[in-house]
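Throw the hints in and build the complete structure from the sequences for me.
Numbered according to UniProt numbering, the sequence shown spans residues 1 to 557.
The set of hints was computed from the structure by calculation and includes no laboratory data.
There may be inaccurate statements among the hints.
Claimed, not checked - Under the rule of at most 30 Å between Cα atoms (straight-line distance), these lysine-lysine pairs were calculated in the BS3-like manner: (1) Lys439 to Lys452; (2) Lys157 to Lys100; (3) Lys366 to Lys423; (4) Lys452 to Lys442; (5) Lys341 to Lys321; (6) Lys439 to Lys423; (7) Lys77 to Lys100; (8) Lys157 to Lys144.
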Amino acid sequence: MVLLHVLFEHAAGYALFVVKEVEEIGMLLPQVEDCVLNIGKFNGMVSLAAFFPFKSAQAALDNINAISEGVVHADLKLFLETNLPIGGKKKAMLGVGDAKIGGALQEELGLAIQTGGVVAEILRGVRLHFHSLVKGLTAQAASKAQLGLGHSYSRAKVKFNVNRSDNMIIQSIALLDQLDKDINTFSMRVREWYGYHFPELIKIVTDNSTYCKMAQLIGNRKELSEESLESMEEVVMDSAKAQSILEASRSSMGMDISPIDLINIERFSNRVVSLAAYRLELQEYLHSKMGQVAPNLAALIGDVVGARLISHAGSLTNLAKYPASTVQILGAEKALFRALKTRGNTPKYGLIFHSTFIGRAAAKNKGRISRYLANKCTIASRIDAFSDVPTCVFGDKLRDQVEERLSFYETGEAPRKNLDVMKEAVIQAGEVAAEIKIKLAKKEKKRRKREKKLAALSTGDGEEEAVGQITEVSRTFYNPLHMEMSATENGEVKKKKKKPAAEAVQMEEEAPAAENGDTPAKKKKKRKSEAMEVEPVAEEAPETPQTEKKKKKKKKD
Numbered sequence: 001m002v003l004l005h006v007l008f009e010h011a012a013g014y015a016l017f018v019v020k021e022v023e024e025i026g027m028l029l030p031q032v033e034d035c036v037l038n039i040g041k042f043n044g045m046v047s048l049a050a051f052f053p054f055k056s057a058q059a060a061l062d063n064i065n066a067i068s069e070g071v072v073h074a075d076l077k078l079f080l081e082t083n084l085p086i087g088g089k090k091k092a093m094l095g096v097g098d099a100k101i102g103g104a105l106q107e108e109l110g111l112a113i114q115t116g117g118v119v120a121e122i123l124r125g126v127r128l129h130f131h132s133l134v135k136g137l138t139a140q141a142a143s144k145a146q147l148g149l150g151h152s153y154s155r156a157k158v159k160f161n162v163n164r165s166d167n168m169i170i171q172s173i174a175l176l177d178q179l180d181k182d183i184n185t186f187s188m189r190v191r192e193w194y195g196y197h198f199p200e201l202i203k204i205v206t207d208n209s210t211y212c213k214m215a216q217l218i219g220n221r222k223e224l225s226e227e228s229l230e231s232m233e234e235v236v237m238d239s240a241k242a243q244s245i246l247e248a249s250r251s252s253m254g255m256d257i258s259p260i261d262l263i264n265i266e267r268f269s270n271r272v273v274s275l276a277a278y279r280l281e282l283q284e285y286l287h288s289k290m291g292q293v294a295p296n297l298a299a300l301i302g303d304v305v306g307a308r309l310i311s312h313a314g315s316l317t318n319l320a321k322y323p324a325s326t327v328q329i330l331g332a333e334k335a336l337f338r339a340l341k342t343r344g345n346t347p348k349y350g351l352i353f354h355s356t357f358i359g360r361a362a363a364k365n366k367g368r369i370s371r372y373l374a375n376k377c378t379i380a381s382r383i384d385a386f387s388d389v390p391t392c393v394f395g396d397k398l399r400d401q402v403e404e405r406l407s408f409y410e411t412g413e414a415p416r417k418n419l420d421v422m423k424e425a426v427i428q429a430g431e432v433a434a435e436i437k438i439k440l441a442k443k444e445k446k447r448r449k450r451e452k453k454l455a456a457l458s459t460g461d462g463e464e465e466a467v468g469q470i471t472e473v474s475r476t477f478y479n480p481l482h483m484e485m486s487a488t489e490n491g492e493v494k495k496k497k498k499k500p501a502a503e504a505v506q507m508e509e510e511a512p513a514a515e516n517g518d519t520p521a522k523k524k525k526k527r528k529s530e531a532m533e534v535e536p537v538a539e540e541a542p543e544t545p546q547t548e549k550k551k552k553k554k555k556k557d
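So, in structure tokens, the structure goes:
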């Protein structure tokens, strides 16, 4: 007899179900299929053995993440060790829905694992009637738990998506293509609209963005004069064109236009000019993003073509997994399948046709150079996808190799060996990577210092220390007694200022009087703060012999 236990992972917790004993597992399948939809029959076949509810939403998220990665969580291990009968006469078997977690459980606990077949049908019935099989769990509570865990799990997956930088490139190149179409369509609309008033301008100014700027600048052609020549030269960057525009405006065969129509044309042309300016900014953004994500691919084949390859593959990792033959025809799938269906010639190139190398090659060498370029693109994409510190050294070397191969097809000059080129690239890439790591370490150090300062200021410790230092300095600066005491403690002698000659003579005259015991009156002015600090010191000072003599003289008198 075989005793089958089925493990079910729910957002509320782990559940272990016991299936009725049978001689063979295969005999259960028709019975389970008949009673899956009927809760009464299903209860007679499957019963709840144990239920382990998750303590919190974070615990549920940790357990589900572990299951998705094929790792046995500590909670799951404890639950199975506690409730699953490991030993006994009856052979116990555990049924799980995911073969990955089943293999991990088999290695960890040494259990006999069953997946697929009857286990999948039982899990389908358990999933359908789970809230009825577990006591105290309602359908509303189960759906709430599933909703909350689903949001948390999806948030974590999006947050730690390895292709999040690739997604920025994919969206940028898609928006760039859309902007090209929109700018072209809107420019043609401005040409048709403003052409009724000034048809000669279409032949003089061919560029779409420049035409919209000129339509915005000129406005009513009848108001155009010699004073507008400088401003027109700034737009068209050609004095001859500006002069021809001025002459054409004087003899134009266009119709007159009302002010309200002119206002609408100017507004629309202003919108087209702003779209063209935004397109340039977006192209710069794409260039910087490609330099961060796929610098070697961008250096080899260009920013736009490299971004198109990444977008068509879905991510840089997917592109790195493609063989060179797939990269070569990437973007020409319709032509490929049509050729296979009609047994015609297959396409030689797809998106890489827009590269400058294929355009420069002769007609007979286009297929050869496209194969070679696709091979180098796969190498560059793999280096970008799996390197720790991305650099463009390998991309530059691969580009040089394609240039040499192109010249070899044209002139017959033998290119360098791939081994020698790659040795040089490895040495240069190591040096560049070391420099980048040093710069990143310095930036990280500065960032940590900044964070420490901000943390100290936020807690208030830094402010208190700063205030304490300022008050201490202010006391030292404004307290002369403190300054004298600190000077004597440090063994320093204060330098006396030079006094005038009259004061020096007066001091000499007063010196003998001081020797006889008479104390001359001080003429120096003291600060209020100094006087207040000196007075208590004078009161506490002991009586000297000179003061005792003065008292005796007064008594005699």
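> For the pair supplied as a hint, Lys439 and Lys423, is the alpha-carbon distance within the 30 Å limit?
Replying inline: Holds, because 25 Å separates the two Cα atoms, which is no more than 30 Å.
> Are the Cα atoms of Lys77 and Lys100 separated by 30 Å or less?
Replying inline: OK: Lys77 and Lys100 at ~15 Å, within 30 Å.
> Does Lys439 pair with Lys452 here, judged by a C-alpha cut-off of 30 Å?
Replying inline: Holds: Lys439 and Lys452 sit about 20 Å apart, inside 30 Å.
>> Please verify whether Lys157 and Lys144 have alpha carbons no more than 30 Å apart.
In response: With Cα atoms ~20 Å apart, Lys157 and Lys144 stay inside 30 Å; holds.
>> Hinted pair, alpha-carbon criterion (30 Å max): Lys366, Lys423. Please report holds or violated.
In response: Holds - the C-alpha atoms of Lys423 and Lys366 are around 29 Å apart, at most 30 Å.
>> Between the alpha carbons of Lys341 and Lys321, is the straight-line distance 30 Å or under?
In response: Measuring from Cα to Cα gives roughly 26 Å; hence the hint holds.
> Taken at face value, is the distance from the CA of Lys442 to the CA of Lys452 at most 30 Å?
Replying inline: It holds: about 15 Å lies between the C-alpha atoms, which stays within 30 Å.
> CA of Lys157 to CA of Lys100, is that 30 Å or under?
Replying inline: Within the cut-off at roughly 19 Å; holds.
In this structure, every one of the numbered hints holds.
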